[in-house]
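Residue numbers (our numbering), protein chains in the order written: chain A, 2 to 276; chain B, 2 to 229; chain C, 12 to 225.
Be a bit skeptical, because a hint or two may be false.
Below are the BS3-like pairs computed for lysine-lysine, each with C-alpha atoms no more than 30 Å apart in a straight line [as the list claims (entries may be wrong)]:
1. A/Lys38 - B/Lys131
2. C/Lys108 - A/Lys85
3. A/Lys161 - B/Lys63
4. B/Lys221 - C/Lys108
5. A/Lys170 - A/Lys83
6. A/Lys85 - A/Lys111
7. A/Lys49 - A/Lys85
8. B/Lys23 - C/Lys108
9. C/Lys82 - B/Lys63
10. A/Lys84 - A/Lys152
11. A/Lys190 - A/Lys83
12. A/Lys84 - A/Lys38
13. B/Lys83 - C/Lys82
14. A/Lys190 - B/Lys131
15. B/Lys23 - A/Lys49
16. A/Lys170 - A/Lys84
17. A/Lys85 - A/Lys38
The hints are simulated quantities; they were obtained by calculation from the structure and are not laboratory data.
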Amino acid sequence: MAKYNPLKDYRWIYMLLIIAVSWPLLFPIGLPVPVSKSTRMAFDTIEKLPSGSLVAVSSVLSGGNWPDLGPPEMALVQHLFKKKMKIVFIGCVDETPTIRESTLLPRINKYDAQIGVDYVNLGFIAGAPDVAEAAFATSLRKVLTVDFRGKPLDELPIMKGVNTLADFKLVIHIGMAEDPVRQYYTPFKIPLIVGVYGMMGPHYIPYLEAGQLSGMIVGLRGAAEYEYLVGFVGEGLMGSDALSITHLLVAICIIAGNLAFLYTTRGGAKKEGTK
Amino acid sequence: MIDFTILTTVFLTLCVYTFVYKESAFWRFAEQTFIGLALGYTFVMAIQQIQTVAWVPISTGKNVLFIGAMLLGFSLYTRFSKKHAWISRWPMAILIGIGTGVAMRTVVESQIVAQIAATFLPLVTPDPMKTFNNIAIIIMVACTLFFFTFTRGKGKTSGNVRKLGRYTLMLTFGAAFGGTVLTRMTLYIGRFTYLWAPAQRYYLLGVGALMLVVLAFYEKITPLFQKK
Amino acid sequence: MSTFFRSQVPLIIASLLAAFMIVEFFLDWAVLRTISSDIQSWGVVISAFALGLGVVTLTRNNVGIIRRREKNWPYYLWCLIIMFTMIGSGLIGPLGKHPVFLWLYNNAFIHLSSTMYSILAFFITTAAVRAFRARNIDAALVLVSGVFVIMTLAPIGATIWSGIPLIGQWFLDVPNMAGMRGIIIGIGLGVLTLGIRTILGYERAHLAGSGGEK
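In isolation and in its complexed conformation, chain A is listed as follows (with noise of 0.2 Å):
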């Protein structure tokens, strides 16, 4: 039977992470959160829009994601709200649309906004993201005719007139952020803010850069600094010490391992050289 080797054992580390994430929960840091230049951008694109510009955020917020993309659209909802814009939700995937009636809107303060008139949820369009998109860009009231609720689009104040993405003052799309770019800003050319995976934010910096977008959050990093701006405490800034805890402890498992590695390699050479 092997021997038993607890330098072997990774559950310690399974056991350190959790308590750098518990520890953190119970006793709050408070580290100042400094705010990127994806963020301000975002910010500033909405500070600038006229109150009751209609604006639409388009998502694949899912259960399984919703610690990644909830928060960031929370942060850029809760903002549009505060702001009086005209929402219209719409969903590339299915569970977007329950998502949001479940948990994303009740947690949000919309300022007295009624749905139907400020605001609506038009539900999701079935197919890939590109094609959901697309769809929804260019043929909305062929491939919607009914909001989340079973009212018909016609009864709807806040859809009147609306026909294409053109008829919207900005996009917020949740998610990927190159199929916004193809199917929401190329043919349009309307400001796109973009809220995103923490993973894939160093990956649209070049569209960030070319001026594709006008902002972009990234994942709870990105929300934590886009609550602050806004003014209000969610999950973001919640979450910001122990993102923090966890982040320096990876950074110190990769030294420590490269440590120890550099350690076996050159104490195996020299073990080889004095033979």
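Starting from the structure of chain A, add chains B and C where the hints point.
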């Protein structure tokens, strides 16, 4: 008074986390529950989409041509028949055609022209750091594209260009890894924030302790349920 | 004739539709736009039908396992039970609004779904210890860039040393941006190539798996 809803959410969450310890009956239960719920939900949403997009226009007489779309949609299910599976290629071909066309028509402007245009940065600026960065970006983009296009080749110069392209990509992948860590930790923090909330905390500790005891004695318990 | 309907017609359909969608975009004629809208709405309906394929596949698969009493068959039976409970409750009354359906979605599915993804955090941490080694210059570059970006994306980086976010942001804005731009252009060229192959009928991958590969 035990809140059944919170008990369910905490129990199911911890069932999934037992996978980190070892694969167990809890994990298998959670896995199959997830699959069943996911497909059930998707099916209901599909019916709703068909009703709102196709059935409502057909039944109100606004657009009866959607009957064709519905027939094509039903024909997707012929893929389960060995004799008639070829019929399902037609609706698939429609989806492929639409998807290809929709992606192709804007990809040139959005991903090729705009990106190349954005690479034409000023080589001389008042800020020395910005000048350095601009020159570095232009060189790195060119080297990366060279690396993709001329993966193999002779010559010291082309080899060095490819090497610089490869180093650029390594730095890119490092940054991508940093972003991946952010996402993974975010997903975990989101779950833990929920579990550690005051309403769930005691359920977490109670259910968690019980499951740990069961897992610890799991290997002793399971042979009792196996046929001899 | 049989081969024509089985293989050639789907290729022609895909090819013509792709070409039409591109031409419609650039010509910007009202009549073409109307036809394009109709085609896209047909695509949405067909995609909605495709969403139901998983239920049929899973039912066939699981019924076979249960019949043969294979290992862990009670879990597969449970899977079918919960799936049909979800479907049944979702189809009662207004679609997807039944209290049981919403309870299962909000209190079971969302939590299972997000927890499934969250266990990756454990594996990335152990991978950071075990696998992320600077064995050569390439790996060292990935490592250095990775560590600085990790610490930049967390607020604590700026607290530890003000240089960390500066260096990390430089890695993001210069080499990462340049490399990703090259990748984006490469992907764009790849999408274009694949599209041209589809329009010319060379791309047959979508014909596979639906029986009678000829």
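If you check each hint against the structure, which ones fail?
-> 4, 8, 9, 15
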